[in-house]
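Chemist: Listed below are the residues making up each chain.
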Amino acid sequence: MNDSINEKEIQKKVRREAFKRNWLLFRQSTLGMIGLGIVFFFFILAILQPILFLTGAWNEAVYHPVVGYEEIKVNLLVVECPDEYPTEKYESSNACPGDGEITQRQIYNPNINPEVGDIHVALLQPSPPSARHLLGTDSLGRDIFSQIMEGSQVAFLLGLLSAIIGVSISTILGTIAAFYGGRVDAYLMRQSDLVLMLPSLPLLFIISAFAELKIWHLAIVLGVIGGLGGSVITIKSQALQVKVKPFVDSARITGGSNMTILFSHILPNVAPLALLFMVFSVTGAIASESILSFLGLLNIEMSWGIMIYLSQTDGYIFSGMAYWWLILPAGLAVTFLAGGFYLVGRGLDDVFNPRLRKR
Amino acid sequence: MKKNVIEVKNLEKYFEVNSGFLNRNKSIVKAVDNISFDIPLGESLGLVGQSGCGKTTTARSLCLLDQKTNGEVKFYNTETQEMDDIDNFDDANLKKFRRNIQMIFQDPYESLNPRWTIKDIILEPLNIHNIGTLNDREEAVKEILTTVGLTPPENYMPRYPHELSGGQRQRVSIARTLVMKPKFVVCDEPTSMLDVSIRISIMDLMLNLAKDLEVSYLYITHDLAVARYMCNRIAVMFNGKIVEIAETEELLKNPIHPYTKRLISSIPVPDPQYQRQEYELNYDELDEIIKNNPDDDMVDIGGNHYIATHDVKDSLY
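Chains A and B are the protein sequences, given in the same order. The first sequence maps to residues 1 to 359 in the numbering used here. The second sequence maps to residues 1001 to 1317 in the numbering used here.
Don't read these hints as lab results, they were simulated from the structure. Incorrect hints may appear among the rest.
[As the list claims (entries may be wrong)] Once the Cα atoms are required to be at most 20 Å apart in a straight line, the calculated EDC-like pairs of lysine to aspartate or glutamate come out as: (1) 12/A x 1120/B; (2) 8/A x 1154/B; (3) 8/A x 1136/B; (4) 1181/B x 1212/B; (5) 12/A x 1138/B; (6) 12/A x 1154/B; (7) 1003/B x 1079/B; (8) 12/A x 1163/B; (9) 243/A x 1110/B; (10) 13/A x 1154/B; (11) 1142/B x 99/A; (12) 243/A x 1107/B; (13) 245/A x 1110/B; (14) 245/A x 1082/B; (15) 1261/B x 1247/B; (16) 1291/B x 1311/B; (17) 1002/B x 1038/B; (18) 20/A x 1163/B; (19) 1181/B x 1082/B; (20) 1181/B x 1139/B; (21) 1142/B x 1212/B; (22) 1253/B x 1212/B; (23) 243/A x 1066/B; (24) 1026/B x 1016/B; (25) 73/A x 99/A; (26) 1074/B x 1085/B; (27) 245/A x 1120/B; (28) 13/A x 1163/B; (29) 8/A x 1143/B; (30) 1313/B x 1295/B; (31) 8/A x 1139/B; (32) 1181/B x 1204/B; (33) 8/A x 1120/B; (34) 13/A x 1120/B; (35) 245/A x 1212/B; (36) 8/A x 1138/B; (37) 245/A x 1066/B; (38) 8/A x 1163/B.
Same shape as in the complex, but just chain B (with noise of 0.2 Å):
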């Protein structure tokens, strides 16, 4: 059996809103609400849903950025090659942890500190965890530019982040969280601020690093096209839960989920010939999911494919 490298069960955000006189009226916005997933070492998960469904808190809470609420997040000990829970690490634990998840921000033209050159910004990770001598930092940066095609690399370690296209800061978003080497990189939405013709040579070369580094990805991303492009297998998240997981392919193919089919079906068509069929919502094969299941808030359907059994007829217009 294969290897997970993190495994997220029953995971839970909830965010408190206070409001009126001295904060009187608490009412709790669950934005992530009872989700769970794996992710085998070396393979990609796209997480896929509309604004503000809770699929960055999601990546937030794993990073260990914001507190999770409730839930058991586990993570591949790559020395014990063991799972170690996230909530148990001791200081040791945590350094080693840091070292193995990175994050890849939406937006390129923020994520970078605009005070720092280039070299300085890769070096940070190093740095911080100290590894080799100041010359093998040094070589370690030149190598990760050339890797992630920024050549030569002398030409762009003293430049500032200013200097660079919105491609190249990506490139070198890129290059600072895989100078480390990790195993699981969370990508929040990396290529939706880049121009269209980047945005394929920027999934070509995230791809390309993690056959060569044996990185897996958590991809978040609106866009069903570029998690086509990118994972193994999708989830598609709506009001903080997952309602429907599985292959790529599979999911593409065959959703059950209406939301997961309203989704699909939004997807534009480069032909103006084409006339889109607007998707009606279609509640027959879920009630009869979820009444032959009436117990579980996941069904497998056959083929590692899920589906949440929650009832969505409310919150979905």
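Isolated chain A, as found in the complex (with noise of 0.2 Å):
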């Protein structure tokens, strides 16, 4: 008894060791670490506005991506723009209504007839970054940076569960092929040069023209897509190289069956390509969601992708700098989050990749 608790400790022991020499050498690629920085930041911001929404510190009235808005009121000076510039105040026609000010013309209520010298009370949609609204509102109130919260919970979902999905179907199938070989290999292997040769967003444009393309959706035609093509290839090669190591011909010698060479031997030490895979593909679901949801093509209710769609749908895209918080913080957010995960990826190769390490 003594002994088999001498042995777990060992062994956890052990486990330790292995993960403190693989965490050294990830910490070694700088890449990697600014990569890991990034993907932890948007994984706090993820998790962290569900949080703010319970302990009630926001109210979902007002800071709920999609629903909630606020009226933030401005007080403006109804003014009467001249017919010939430049005058004393306004140097060009552009320059007239000022800051603060507005013309009669611009106040589409009937209802109401101000004159001019009158202070009318608007609504500032899209308003500025302020302290109650860290990054400003949309044209509706919301407030963005409930929104980009909001986003990156999208973003993780859709990119890890996609790159889950295509990383078992290529795992499993490479492997398959690499061990069966013969007719079952060059079929999978045709298979996945035609997923190949199909260029995926014009698929998926057709796709949503037939279905109605929910997050869970698109995160398994992603994965299908993904888990068929070209990482097929690429882990049947190295359980091709496994397959002739000799303690999968000593596995067989002793009377392993198939299933379990296959599961016991060949899985585990193809599975740290599989992981490498899986967090690079991570970065191609994200741009994916991205760019169809700029298209509208994806039944999402709020997302990174959804927010520049809105920003565009709006007319406030080609304002230039104007309006930056409607645009830039979610196309940062997509820019970062993708490069983010490919960066831990290339981090991870140092680890997995002995041939990559630096001496």
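Join the two chains, each given in its own frame, into one complex according to the hints.
Modeler: Right under this line is the structure:
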């Protein structure tokens, strides 16, 4: 009994040491650490929003990313623009009305009819960043920061889910192709050539025309397309290397069945590569989601792509930097999270590919 | 008469080599070409020859890793004490056969799964054959680790292969093969990648275990000194054929075949003053044997010493 406890302790220690060694290797890669930092930042954002709602720090009526809004009122002086420029007050037609001013013609409400010199109370939407709304509000008065948080939840959910689906498919098919060879291998390889040949984005456009794509559906579609493609070929090549190792022969001589060999010898040895693929494919999934939402092809309430889509349909995207908080946060979030996962993949590459390690 | 653990008769293993457009040019490589030998229970046969002469292919065919092309292999059945043809095994007999045959590989760095602990590696055969309760299996692992000299076993069981040295790994390999108490172990150059200083301790270990557990070895090596230390008999292989097979001392002292003579003359001597005599190929003895026995493939020249009578003048140079 004493021995077994001792043994478990040693096992724990050995595992801890292995983890420590890999962690040290990962830390040597600056890119990987930067990527991990970015991913961690967005993860914090994603889990922070529900916490803020639950603790009551944020009122859902105000901060909910889809249905919450706030009317930010601003007092404007009603002015009349001159017919000819320049005048004393205005240099050109662009300067009229100036800050805090509004012309009679810009008030579309037929029920009120203010005179020049009156104070008109208007809604400021989209409103610029303030202490209450860290990244301002969108054209409907909804909080951009809350939308960014919601978008990072969507990105994590979609990215990880589709990556897990894709990697499971490609790992199973790749090892089967390597293990059985022959016709099975030929069929699976031609199939992945075919999927590689299909352009995935146009394919997604067509799918979204026929079916209502929700986030789960998109994750499955992206996972299947990614999982049947090139990663099958790479994982197969790794599995072929493992298949001819003497420990596989040794298991076969002992009488291990094909399933034993496949699941207890070959799969664990291609797992690191599969993990690497998973991290890289998260990047692709996040980018695909943004593109599809931007084109308005997804049935999702809120995501980073939807945010850019809304600012584009409302016409703010062409206004230069005047309404930067509508476009930049969402665009940067997509870029940084997708890039962050890619950099984590680069860091893991250093750990799992001994040939790439710095001596 | 002594029982044999394995009888091999006219074993052949051919590989097809395809080349050209749509694999139209097919040629056949005879990796193992018509070899026969027996190994008595508890004795060891050394299979010696240069690289690529078919030693490992022979071993793989015997272990049913590769399907043989032709020939007959009979294996000792521990229950009926008769020889079974390994081609006619049903599932139950195949499983019994798998229990009694094991293989030790050359490379201790590749022959252990890097993601498994030593305990898992040694447990694997017991798990596959479902022997005893879980506690029994763990006891067996501890016992065999102690037997191969990895003590205390508790220190080694949770470790991973990369944490051990080459000699220790090869001990784990031996433990793994012997934990099932097999009758026959194929050793594919188990010491050739080891340090010379560790080599002798591994060989001693294997010899002791063979004595205790009554294991027969088919010991594949290119080193005649190792074969002499380990084996009762030695078979010399050349180009897929056994050219000479005899008791160890007889073969080393009285080699007949020119290839054997050259092999023996090429053993390095650790004496800087010693000038080795280059052996000149001399076919006279072989020619005489061939002339006297025109019909036989292998000729017994007395004392269980067999010489192959096929013409090797073209291939030996």
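Chemist: Take the C-alpha atoms of residue 8/A and residue 1136/B, compute the straight-line distance between them, and say whether it is at most 20 Å.
Modeler: Holds, because 18 Å separates the two Cα atoms, which is no more than 20 Å.
Chemist: Can the restraint linking residue 20/A and residue 1163/B be considered satisfied, given a maximum Cα separation of 20 Å?
Modeler: 15 Å, holds
Chemist: Between residue 8/A and residue 1139/B, does the CA-CA distance stay at or below 20 Å?
Modeler: 16 Å, holds
Chemist: Need the status of pair residue 8/A, residue 1163/B: alpha-carbon distance at most 20 Å?
Modeler: 17 Å, holds
Chemist: Would the pair residue 245/A and residue 1066/B pass a check requiring their Cα atoms to be no farther apart than 20 Å?
Modeler: Roughly 15 Å separates the two Cα atoms, so the pair holds.
Chemist: Does residue 1313/B pair with residue 1295/B here, judged by a C-alpha cut-off of 20 Å?
Modeler: 19 Å, holds
Chemist: Does the structure keep residue 243/A and residue 1107/B at a Cα separation of 20 Å or less?
Modeler: Cα-Cα ~15 Å, so holds.
Chemist: For residue 1181/B and residue 1212/B, compute the direct alpha-carbon distance and say whether it is at most 20 Å.
Modeler: Between residue 1181/B and residue 1212/B the Cα gap is close to 10 Å, so the pair holds against 20 Å.
Chemist: Are residue 12/A and residue 1154/B close enough, with their CA atoms no more than 20 Å apart?
Modeler: It holds: about 14 Å lies between the C-alpha atoms, which stays within 20 Å.
Chemist: Given the hint that residue 13/A pairs with residue 1154/B, does the C-alpha gap stay at or below 20 Å?
Modeler: Holds, at roughly 14 Å.
Chemist: Is it true that the CA of residue 1253/B sits at most 20 Å from the CA of residue 1212/B?
Modeler: 30 Å, violated
Chemist: Holds or violated: residue 12/A and residue 1163/B, Cα atoms, limit 20 Å.
Modeler: Holds - the C-alpha atoms of residue 1163/B and residue 12/A are around 15 Å apart, at most 20 Å.
Hints 11, 14, 22, 35 from the list above are not met by this structure, while the remaining hints are.
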